[in-house]
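**Q** Take a look at the letters that make up each chain.
Protein chains: 4
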Amino acid sequence: MKFNVVVVGSTGLVGQRLVSMLSKHQWFNLIGITASKDKANKKYKDVVKWSLENKMPENVEEMIVYDTNIENINNLKPDIVFTSLPTDISKDFDIQLVKQGYVVISHASNNRMDKDVPLLNPEVNADHINVLKLQANRWKGRLIKVPNCATSILTLALKPIYDNFGLRHVFVSTMQALSGAGINGVSSMAILDNIIPYIEHEEEKIENESLKILGELSNESIKPNESFYVSASVHRVNVLEGHLESVFLKTDNDVSVEEIKKSLIEFKENKIKNLNLPTKPSQPIIVRNEIDRPQPRLDRNEGNGMSIVVGRIRKDNRNWIKFNVLGHNTIRGAAGNGVLIGELVAKNYNDIIQ
Amino acid sequence: MKFNVVVVGSTGLVGQRLVSMLSKHQWFNLIGITASKDKANKKYKDVVKWSLENKMPENVEEMIVYDTNIENINNLKPDIVFTSLPTDISKDFDIQLVKQGYVVISHASNNRMDKDVPLLNPEVNADHINVLKLQANRWKGRLIKVPNCATSILTLALKPIYDNFGLRHVFVSTMQALSGAGINGVSSMAILDNIIPYIEHEEEKIENESLKILGELSNESIKPNESFYVSASVHRVNVLEGHLESVFLKTDNDVSVEEIKKSLIEFKENKIKNLNLPTKPSQPIIVRNEIDRPQPRLDRNEGNGMSIVVGRIRKDNRNWIKFNVLGHNTIRGAAGNGVLIGELVAKNYNDIIQ
Amino acid sequence: MKFNVVVVGSTGLVGQRLVSMLSKHQWFNLIGITASKDKANKKYKDVVKWSLENKMPENVEEMIVYDTNIENINNLKPDIVFTSLPTDISKDFDIQLVKQGYVVISHASNNRMDKDVPLLNPEVNADHINVLKLQANRWKGRLIKVPNCATSILTLALKPIYDNFGLRHVFVSTMQALSGAGINGVSSMAILDNIIPYIEHEEEKIENESLKILGELSNESIKPNESFYVSASVHRVNVLEGHLESVFLKTDNDVSVEEIKKSLIEFKENKIKNLNLPTKPSQPIIVRNEIDRPQPRLDRNEGNGMSIVVGRIRKDNRNWIKFNVLGHNTIRGAAGNGVLIGELVAKNYNDIIQ
Amino acid sequence: MKFNVVVVGSTGLVGQRLVSMLSKHQWFNLIGITASKDKANKKYKDVVKWSLENKMPENVEEMIVYDTNIENINNLKPDIVFTSLPTDISKDFDIQLVKQGYVVISHASNNRMDKDVPLLNPEVNADHINVLKLQANRWKGRLIKVPNCATSILTLALKPIYDNFGLRHVFVSTMQALSGAGINGVSSMAILDNIIPYIEHEEEKIENESLKILGELSNESIKPNESFYVSASVHRVNVLEGHLESVFLKTDNDVSVEEIKKSLIEFKENKIKNLNLPTKPSQPIIVRNEIDRPQPRLDRNEGNGMSIVVGRIRKDNRNWIKFNVLGHNTIRGAAGNGVLIGELVAKNYNDIIQ
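If you read the protein sequences in the order shown, they are chains A, B, C and D.
With UniProt numbering, letter number 313 in the first sequence gets 313, and the count goes up by one each step, no holes.
With UniProt numbering, letter number 52 in the second sequence gets 52, and the count goes up by one each step, no holes.
With UniProt numbering, letter number 248 in the third sequence gets 248, and the count goes up by one each step, no holes.
With UniProt numbering, letter number 54 in the fourth sequence gets 54, and the count goes up by one each step, no holes.
It is worth saying that the hints were derived from the structure and are not from the lab.
Heads up, a few of these hints could be off.
Said to hold, decoys possible - Straight line, CA to CA, 27 Å or less: simulated DSS-like cross-link-like pairs of lysine-lysine:
1. K250(A) <-> K250(B)
2. K261(B) <-> K45(C)
3. K45(A) <-> K262(D)
4. K261(C) <-> K43(B)
5. K24(D) <-> K262(D)
6. K55(A) <-> K268(D)
7. K261(A) <-> K45(D)
8. K99(D) <-> K39(D)
9. K55(D) <-> K262(A)
10. K24(D) <-> K55(A)
Stated by the list, open to error - Each pair of labels, with its calculated beta carbon distance range:
11. E204(B) <-> K49(C): 37 to 43 Å
12. D67(B) <-> S227(D): 41 to 47 Å
13. T87(A) <-> I291(B): 14 to 20 Å
14. R314(B) <-> E53(C): 27 to 33 Å
15. N184(D) <-> K2(C): 54 to 60 Å
16. D351(A) <-> E204(B): 50 to 56 Å
17. D67(A) <-> K2(C): 54 to 60 Å
18. E216(B) <-> K49(C): 44 to 50 Å
Heads up, the beta-carbon is just placed ideally off N, CA and C, and yes, glycines get one too.
Using the sequences and the accompanying hints, generate a full structural model.
**A** What follows is the structure in structure tokens.
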């Protein structure tokens, strides 16, 4: 018995990855894909500017794209809706969907900080899914948010360190790939032989979402972590895929580099929720010991893009820990995480929609 | 009355910039240029792989390159020798030169941390030149060191902040240009669609040299600054010229963003030594207010490559200051600073060699 | 006595270069600049995304941008109008302007092949300006077209070869810079680690415009050259500025490589019209003898971007001539040529408007 | 019964691909790998700078690298030796090996034009293998050459056109990837924002080898094709993998674009030798009909890098055919072709060594 799913906003970069992963998924039937009006009622292959390294799955080439509107979703009656829309559109459409009673896994940034909305990075905080029952006060359906890309990568690296050694300060300077801005997001003239030290709202997202993801679930809501804080500085670089982050952090107690490594390597998943899910990588955090890794082009596809890679773990002379963490931003940082969340939702479907 | 100068190691990237700047300098006569044996006794234009954006000066095209050895320098009898050699060669040759009595301005990293060797970034610490007299205990000549490229750029930004508000912590994550590794330093296959999170010895240089440059001159020697510390994480990116640095810092006392900006804009030069020097930029620190600047390709040539550009000055919610600083790494960070130091030396020549 | 000029479409890449060159021109007063409605009535510095390597001229920073409409031009009453508009808008607006009686130098591709419209590359065919009198049959003003960028570069190289040795076949494979597509013309994700073997309508432009530029002026009109033909294959590459073209050609009679070189080096200007014009480069064609030149980044700024650079001139074993030619596409290939044409027009102004 | 094979020169880019493909090959046992003396007697994983997109095969990580000398090969006694050495070394070592009696498949350019040495691109000229018997006059072993990368890609596209419509002229302008020059072959500073219009000896290779590959086998030797000729112009571009070639050609008789397409799509293999070989792609030539393909990053991996992709097939107004052809230069153009040749050799082993 597979779950019927729809991808709303199927032609952008994240939409393409969702379509690619869901079109042949062991737990899901992809029963519909939508896009903006100008692309509606045409074959997917004729309206999408396919930009992934793997080919378009044959079974979606001929699928007819629906216009993104509530009537079309109502006709399809999916069990789960994955939305990947521009924030301004997503804001309204996500809410329409949950009011109609759908279970929605949304990639846009609106509502991410709502106390009754789980912001999931499953290995880190799958248990936050339990907050969904609070949404019964607001609407019939359920809204789950996929975090910001750089944040998903960062928090997966922080989780075992926080659990084992505590955290006080985290400074992170990111070098983010072009794909994070979408297919036409960055002009080639803007970035050739250059770096752009700015991405709109990105720093606030990293700073705030990290604390929520590493926050605690109480009966009332998700309480953002208050024991530490994150300060971010973000940069767009001329790399196709893979966000590289340079992290400086202070743990509660002094800890050796070897202890940090061990905690990262041994980390497997959220302690509360069992994550026997198809898209979960066998090794969520890969630690490399070479002096010059991780590197985006060489390491971004680890674990089919679902593993993060940590390297250059070292201490400075005031006992701050420094390292680099790399993750595939449109897989681990977006669509792959969305699908993993979808699997978590599927496994707990009856609990969620009760 | 011009000073006679020689460039030792004239065919690398820094050597080329030295030759370019010194070949038509109002205070200097370029009387000789040297390179390794295989290039010696040939015309400069026939052995150099010219890599600068401006053309090779006509008056050096036909200059005959000397083999880098002490006899050739002795025949030339320069007043000042600029050396730009690989560290392992520089280590011996610089010392040979100063033992023979020459005034040497050296770009290699050896001896930079010697207590009686000034490591100069003139606007920041021109007064450190006074330590040269201590070298009379070691040799007849004088050795002056040009700092690491990323460090020169960083310390120029830190100086007014340190002077006005005090400093406790500095975290810096760098994105460094290809030219920093020399003409053939980074393979194109290594860096296309990629970042390399490692540059040998670079982090130690930034961490240690910064404290020396911002250190104090006492009768005995230069005392590294002990009031703050620097922790660095370095990365090589696919940019031709211009090191971009992401800085997080804590001042002694809380300070507003506007006060920081004011201190940077108003900063002109070292308080003790007058710097009426031809290569000194009229505005050493340029502050930009746009949300997305500085950018390497757009801002690296400010002040003919001698100004640094600071932007995105902001505070996080624990009152740490964050900003980006950019500088032209082979001009401000290397040859341009070398020439500026040469001018400082020329102006104080009699004091220095007494 | 300077000529009053207006730049219509002043915020694109070509518009920026026009503004940059005309704002401090010895023969021209820049009395107005226009842009689309959303940018009108604001300061130029606040609406333009400045993308040139040199700074915005101070005297245009504060200029108020006019909306592009005929009333505004009528209020300004310029002697010459430079237009740099998208083709679909240019088509109508250029004609409106000439009907009103203005002398228009237009960069868009419409009307370029009209028999009474000179398509000028001044060193090659300045004499074609004489065809302008035929326009008196159509309108009060005069329309002059700037050729396609790749074509201007190619025809300048072909002219001395055609004049001296005759031409039968020209095959040209281009590698064209990003700037040719405008500031946002090529997405970074599309071109990183890639080549796009297509530019809309470009091959037809090169093939047709070349024959017109090298055509003959008769009493009736400009007759395209019929003695040879051009076949083009175009490619977009990840280079900021500078179109590199690989040319294979057959002359009427066999000719040596040295004779070709001599003809290129000695070429100065159109035989009929004297070109004592400020923007004309002293050496329109520079020949390089190194085995690996011209290269875009190293050679595109020759003659302030107005010279083309030819290299690797050789023959294959059937006596076809092969070479590479490089030119700065937004200067020699667009705005620089536009200004040069403007100067030619100014010098012959009374003849033209009679 | 598998054939024992050795890879001589196993650490360069082509060597890495050979090792990758041969380490788990259904017909071959990889019994030894060699490299230069400084890498000998160490584990492969410790001396190779692994540069492929797929991981190093586990079964070679721990293999001990042999020094490249004849004694080591004699101890290993392989059935087939694949050599991938610098030309100057390969020249001597290949000959040593064949004199000792080995069957050698060599990637270097020496001896490629020898009349009794087959230069194989199996789908095109597998029957040329029959010339090997002539080598009995020279040595005990057999020498087979892998063609130049750009030539393998070009001749595969030319073969069906030549067979069906005849050929008179071929002009080809190449845009070649960085990997063609090896791991450290092109400096990043040389190629960023640039094109290098030169690759040593490449044009002669394309021009001469193409005629040999499309030549005829007679009793005496391979006779280069004399009915047409090739004229090449080569360029290095900032692309990781995948040579793109722009071709202008004249067939014997006029032919339609559709006929050309049909001949390319229907082409499967050499008419004389059956090629039921594991590495042969099911579709050697893929034709794309989009206006802007092939593109290196999107199309280079077709057929696991063994298919070439042809697009933009069109005619100019003198009935010349124009198209772009793309191939993966280190797979189809080098190691993949080497392995395919190895399979052809294995299938005909007894005939060859008789």
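**Q** Now tell me if each hint is right for this structure.
**A** Structure-based check of all given hints:
Distance restraint check for K250(A) and K250(B): the Cα-Cα separation of roughly 15 Å lies within the 27 Å cut-off, and the hinted pair is therefore satisfied. Proposed proximity of K261(B) and K45(C) is supported: the alpha carbons are some 22 Å apart, at most 27 Å. Only pairs whose Cα atoms come within 27 Å are accepted, and K45(A) paired with K262(D) is accepted, the gap being roughly 24 Å. About 25 Å separates the Cα atoms of K261(C) and K43(B), which keeps this hinted pair within 27 Å; it holds.
In summary, the hint linking K24(D) to K262(D) is not supported, as the alpha carbons are separated by about 36 Å, beyond the 27 Å threshold. With a C-alpha separation of about 23 Å, the suggested pair K55(A) and K268(D) falls inside the 27 Å cut-off, and the hint holds. For the hint pairing K261(A) with K45(D), the CA-to-CA distance comes to about 22 Å; that is within 27 Å, so the pair holds. Of the pairs offered as hints, the one joining K99(D) and K39(D) holds, with about 26 Å between alpha carbons and a cut-off of 27 Å not exceeded.
Only pairs whose Cα atoms come within 27 Å are accepted, and K55(D) paired with K262(A) is accepted, the gap being roughly 24 Å. Proximity of K24(D) to K55(A) is assessed by CA-CA distance (about 25 Å); at most 27 Å being required, the pair is judged to hold. Under the hint 37 to 43 Å, the C-beta atoms of E204(B) and K49(C), about 40 Å apart, fit the expected range. In this structure the supplied range 41 to 47 Å is violated for D67(B) paired with S227(D), their Cβ-Cβ distance being about 57 Å.
Checking the proposed 14 to 20 Å range against T87(A) and I291(B) shows it holds: the Cβ atoms sit about 18 Å from each other. A beta carbon spacing of about 28 Å between R314(B) and E53(C) agrees with the range 27 to 33 Å that was offered as a hint. One distance hint, 54 to 60 Å for the beta-carbon pair N184(D) and K2(C), holds here, with the actual separation near 56 Å. In this structure the hint that D351(A) and E204(B) lie 50 to 56 Å apart at CB holds, the actual value being about 54 Å.
The supplied range of 54 to 60 Å is met by D67(A) and K2(C), whose beta-carbon atoms lie about 57 Å from each other. At about 46 Å, the CB distance of E216(B) to K49(C) agrees with the hint of 44 to 50 Å.
Going down the numbered hints, you'll see the structure goes against 5, 12, while the others check out.
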